[in-house]
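Asker: Take a look at the letters that make up each chain.
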Amino acid sequence: MDTDLVVRAQNGDEQAFASLAVAAGDRLHAVAHRILRDTDLAEDATQQALLSMWRDLPQLRDPARFDAWSYRLLVRACYVQGRRARQWSPNLRLLPADESSGGDGLSSVVDRDQLERGFRRLSLDHRAVVVLHHYLDMPLEAVAETLGIPLGTVKSRLLHAMRGLRAALDADARPALQEASR
Amino acid sequence: MSTDRETTRIVRSWLEEGVTALPDRVLDAVLDQVPATPQRRSWWPSRRIAQMNKFLPAALAAAAVLVVAVVGYNLLPQSNTVGPPVPTAVTPSPSPAPLARGTFKANGATVELDATGGASSVTGSMTVTDESGAFTVDLECTRTTNAGLIWIGGDVTESANISYAPKGTRAAIVFKRGTPVQAVFVFQLDDPQSASCQAFFDDMIAIIGGEISEDKLDPIEGTVELGP
Chain G
1 MDTDLVVRAQ NGDEQAFASL AVAAGDRLHA VAHRILRDTD LAEDATQQAL
51 LSMWRDLPQL RDPARFDAWS YRLLVRACYV QGRRARQWSP NLRLLPADES
101 SGGDGLSSVV DRDQLERGFR RLSLDHRAVV VLHHYLDMPL EAVAETLGIP
151 LGTVKSRLLH AMRGLRAALD ADARPALQEA SR
Chain L
1 MSTDRETTRI VRSWLEEGVT ALPDRVLDAV LDQVPATPQR RSWWPSRRIA
51 QMNKFLPAAL AAAAVLVVAV VGYNLLPQSN TVGPPVPTAV TPSPSPAPLA
101 RGTFKANGAT VELDATGGAS SVTGSMTVTD ESGAFTVDLE CTRTTNAGLI
151 WIGGDVTESA NISYAPKGTR AAIVFKRGTP VQAVFVFQLD DPQSASCQAF
201 FDDMIAIIGG EISEDKLDPI EGTVELGP
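Line order of the protein sequences matches chains G and L. What the first sequence shows, in the numbering used here, is residues 1 to 182, in sequence order. What the second sequence shows, in the numbering used here, is residues 1 to 228, in sequence order.
Among these hints, one or two may not hold up.
Listed next, the in silico DMTMM-like pairs over lysine to aspartate or glutamate satisfying Cα-Cα at most 25 Å (straight line) [said to hold, decoys possible]:
| no. | chain 1 | residue 1 | chain 2 | residue 2 |
| --- | --- | --- | --- | --- |
| 1 | L | Lys167 | L | Asp155 |
| 2 | L | Lys216 | G | Glu14 |
| 3 | L | Lys216 | G | Asp13 |
| 4 | L | Lys216 | G | Asp62 |
| 5 | L | Lys167 | G | Asp125 |
| 6 | G | Lys155 | L | Glu16 |
| 7 | G | Lys155 | L | Asp4 |
Rather than coming from a laboratory, the hints here were simulated on the basis of the structure.
Construct all of the structure, not just a fragment, from the sequences and the given hints.
Answerer: Written as structure tokens, this is what we have:
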């Protein structure tokens, strides 16, 4: 991220902020979408995070940490949207089916469905850790710093989340194995 | 049964799928709102002046912070306390002395403040409400700087404000006496949390590079009763 742009935006330069928002918008939205698993909620969270970014930029003391700071704002916005979803709409909509095409590493559509279900069973706290670490490739220390939680908590959440996802995948594999053994 | 490595590979691959691009209409909506959305310029005035900790080994950085704290403490004159003079007699005061009390507006937020005590300890709370939500600070410590600025701070213990004052944030309000009284809020947002309330003041003052400049303080609306 261009720190000069960040500093200019901190000083109220709307054009500089527009450039930052354009540059950051896609990556923030991608993360929000993966945490929330809902297009509308992800758009709302991203919009909220971008506006918070503009409003609170003067409080960012180190412009070089803009990216990590922006993820922190985004995850908080995801928590807010997630809470709203639970409050007003208990049944989140599933992703459109055509978004699940491709993907070399997935063995079957069934895997995707199982993962989707397993992931949705995780709390937003757990999902955020999984997405920041496994999607953004953030080291666990950076995840801890971004989320403002101890490293041990990050490790524990990741372990719990991955265990849940593995169980979801294994739950799918079990009938197939039973079928094969007959 | 999946192995851990296999699960990780599948999860990573699955996460790669799906939406990435932010629709233009969302970006447009944000940029349309920007001109009408004021920045919180006065809430936290300072950009970091030095980033030495980032580049030095952790031990050296810790030592540097310690030196700043110790030197800062030793340089503080006796008058660097706020509230009533500490009595030399050992008779305890029957009730805590008022330090700052009032309901007022500062930096666009409504503040309810009730702090008692002095340099050694502070009790009370501060509730701040603005459009981002309310938060409450459990007040713990105070300091009056050489320039006469009164810092009163503590930890955010309750918060509906996710933007800049989530639960656990160290926060302070800084007053400058006068007519009207001026104030600014200080938050420890993106650094590791200081070890204590007084260390929070030390760290913030070190980051600012000394006193908070006049242009960062805003006049309050309403009244606040400041202790002697």
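Asker: Run through the hints listed earlier and report the numbers of any the structure violates, in increasing order.
Answerer: Failing hints: none at all.
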